[in-house]
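Enquirer: The chain contents come next:
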Amino acid sequence: MLEKGHVKEIIKSPYLLLVPALLFYLIFWFVPVATSLYESFTTISGKVGLNNFILVLQDSLFLDAFVNTLIFALLSLLLQFALALGIAVLVNQNFKGSKLFLFVILIPMALPPSAIGILWNTGLVESGWINSFLATSGIQNVLEALGILKGPTLWKAVSGLEAVMTLIIIDTWTVMPSVMIIILAGLQNFNEEYKEAAQIFGATKWQAFRDVVIPIIKPSIVTALLLRLISGLQVWLIGVMLFGFNNVPFLVERIVYYTDKVRTATNSYKMANAYSIFTLGHVFTVAFLFLRVTKDKKEGAK
Amino acid sequence: MSYLKLENVKKVYNNKVTAVDNFNLEIEKGEFIAFLGPSGCGKTTTLRMIAGLESVTHGDITLEGKSIVGLTPRERGISMIFQSYAVWPHMTVYENVAYALKLRKLKKADIDEVVQDVAKTTDIVQYLNRYPSQLSGGQRQRVAVARAIAVKPKLFLMDEPLSNLDAKLRVSMRTDLKRIHQNVKSTSIFVTHDQSEALSLADRIVVMNHGVIEQIGTANEIYHESETMFIAKFIGSPASNFFVVNVILEDGEVYLVHDDFKVQFNGQEKDVLIKNYLDKSVVLSIRPENFTVNKGGFIKAKAKIIEPQGSHIIINTDIGGEEIKIVSDLLELESGENILLGFNDKVLLFDSETEKRIK
Ligand SMILES: Nc1ncnc2c1ncn2[C@@H]1O[C@H](COP(=O)(O)OP(=O)(O)OP(=O)(O)O)[C@@H](O)[C@H]1O
Ligand SMILES: [Mg+2]
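Quick mapping for you: the protein sequence lines, in order, are chains Y and D. So for the first sequence, my numbering puts the first residue at 823; every next one is plus one. So for the second sequence, my numbering puts the first residue at 419; every next one is plus one.
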């Protein structure tokens, strides 16, 4: 009898330990999501239906926002992955001065998003630091002489895809270090003997990297990229800070826009909620697809 | 001409640490060589230089008459078992063994044949579809062996391949390794700091200390004709016993004089002693089993501690303040008893300055 009681206690205790976390999620996650769900599927008069979603689809900027978000998320993911992997491998060589190099690379991580917005805003304006750097370093003259440029570049006058590209570059500058640091951690945990074994058994350096290093550190890479992908899909602040609302629409930018900027319009609050739910589904889908694509053959076999 | 030759090989890390120095070794085809020495003596470093994983600071390594120091690891045709096994965790056992063959662009059917063949030799056929994480340490070790012999290497390097196994498995894997070596007739170098492994496996043993070779020889040579005091101390368990004795000449006979005994010496080293060591002290080294106990000896002692080993006992005693260990078959001897010790003529003498053998 006594034993049975013991067993019960042991089984119960882990769930008990989960209670605080569960409460936290219930209050700060489940409640807002449920509210949002409710709001998005009801009209102001309380009628249940897809009304709000139809309004969203009719939003003239919806398609742009959707496409921009996807382009931004995927391109920045690719660019950041390539750069982060390269730099992580480089830093991991432990060359002279690699510690300092790492430090410099990591600086953007320390800046809050609004500071980054301001930093690049002051850079991209006509008399900003980018143009003055080009002018004082003489690059501007060279480019003008070559006929590539005519007078100072108006960086902020771009729109559409060019604006998205500008944002991708700024985003990469900002968050690539965080991707790099996770991959670097993976590399530093990596047992060099795996690579050496590959080289002994006939692999070139590149083959050893491709066939052994990458697959073994893949969990770190997938984690880093998944985090990046999700936050890439939620981009808005930097876009708004540089180009304002409505000019380079993103899905989350739409949510903020309808919540904050046009609060007074009858349906805007409902639309913001519908956008939220749509974005939620979108992020889930993309993240799911990403995990599907990167899934281990090993797990699949089990 | 020797198969593998290391000439004056030297390795300095970061311009500071000399890990290996003045390393000269010649190995014949098909030989099984063990590198034996205490931790940090440069065994792994030497192995890695042969494999091409570490650059050679000075000297030359030739394989089949050709220098290999400038070649990448893959160009050397050598295979290696790492101390951590380094069996790739993301590949099945089959893929692990097949990887090197794939890189050599063998046909699928040929690869399969080789894999099945070495899997049989190493007894891992039933694990071919498993991942390394689903195997025990001993099974993983066999995968590492299978992977290494699949490529039919010119040279087979093993870095303490048995050190992660439990005592029992270690002994049985040791026999397996020897059997595999006899089957595939590969030239092998085996690194270990376990002397019984080296003694039982190797044709010849290279004893290293502080980055230099102390002696190269068969198990018998190393044990009975140790070239240095280090080896007499390092090999054998219990190790050799040492007595500092004075060499004197009386009536044309050589005597070794110790505080507790004086004994006439008639060994082959007699002439050298007369020539170079008269009235000087030398070190007399006696293996524990070369003592005689209670059979007409000349050293009085007391058996302080008896360690029964089943087939024999180890007597701990004290002669001239030195802890002495003696192997004896007097199973009924009790601790505290007085004993009379002698020794047979299988003793070694060492120069007390150079610690090298006098011969
Ligand atoms: N990468 C390195 N950089 C600097 N010193 C090193 C390096 N690798 C080894 N050493 C030094 O070289 C010496 C020999 O090391 P090595 O690994 O060859 O010893 P070992 O005989 O294999 O020892 P163990 O039995 O503990 O494996 C040691 O003093 C070690 O500290
Ligand atoms: Mg070692």
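Calculated from the structure, these hints are not laboratory results. Glycine residues also receive a C-beta, built at the ideal position from the N, C-alpha and C atoms. Any given hint could turn out to be false.
[Unchecked claim] SDA-like mimics (lysine to any residue), calculated; alpha carbons at most 20 Å apart, straight line: (1) D:Lys520 / Y:Trp1028; (2) Y:Lys1027 / D:Arg548; (3) Y:Lys1117 / D:Lys523; (4) D:Lys523 / Y:Gln1021; (5) D:Lys520 / Y:Leu1111; (6) Y:Lys918 / D:Lys523.
[As the list claims (entries may be wrong)] Facing chain D, from chain Y, some residues (calculated, C-beta under 7 Å): (7) Ile952; (8) Leu956; (9) Ala957; (10) Gly960; (11) Trp1028; (12) Val1035; (13) Pro1041.
Enquirer: Look at each hint and say if it fits the structure.
Expert: A quick look at each hint next to the structure:
1. D:Lys520 / Y:Trp1028: This hinted pair holds, its Cα atoms lying about 15 Å apart.
2. Y:Lys1027 / D:Arg548: With a Cα-Cα distance of about 27 Å, the restraint between Lys1027 of chain Y and Arg548 of chain D is violated, given a limit of 20 Å.
3. Y:Lys1117 / D:Lys523: Between Lys1117 of chain Y and Lys523 of chain D the Cα gap is close to 27 Å, so the pair fails against 20 Å, i.e. violated.
4. D:Lys523 / Y:Gln1021: Roughly 16 Å between the alpha carbons, so the hint for Lys523 of chain D and Gln1021 of chain Y holds.
5. D:Lys520 / Y:Leu1111: violated (31 Å)
6. Y:Lys918 / D:Lys523: Violated - the C-alpha atoms of Lys523 of chain D and Lys918 of chain Y are around 39 Å apart, more than 20 Å.
7. Ile952: violated (43 Å)
8. Leu956: Since chain D brings no Cβ nearer than about 44 Å to Leu956 of chain Y, farther than 7 Å, the hint is violated.
9. Ala957: violated (47 Å)
10. Gly960: violated (43 Å)
11. Trp1028: violated (12 Å)
12. Val1035: violated (10 Å)
13. Pro1041: The hint is violated - Pro1041 of chain Y has no Cβ within 7 Å of chain D, the shortest such distance being about 10 Å.
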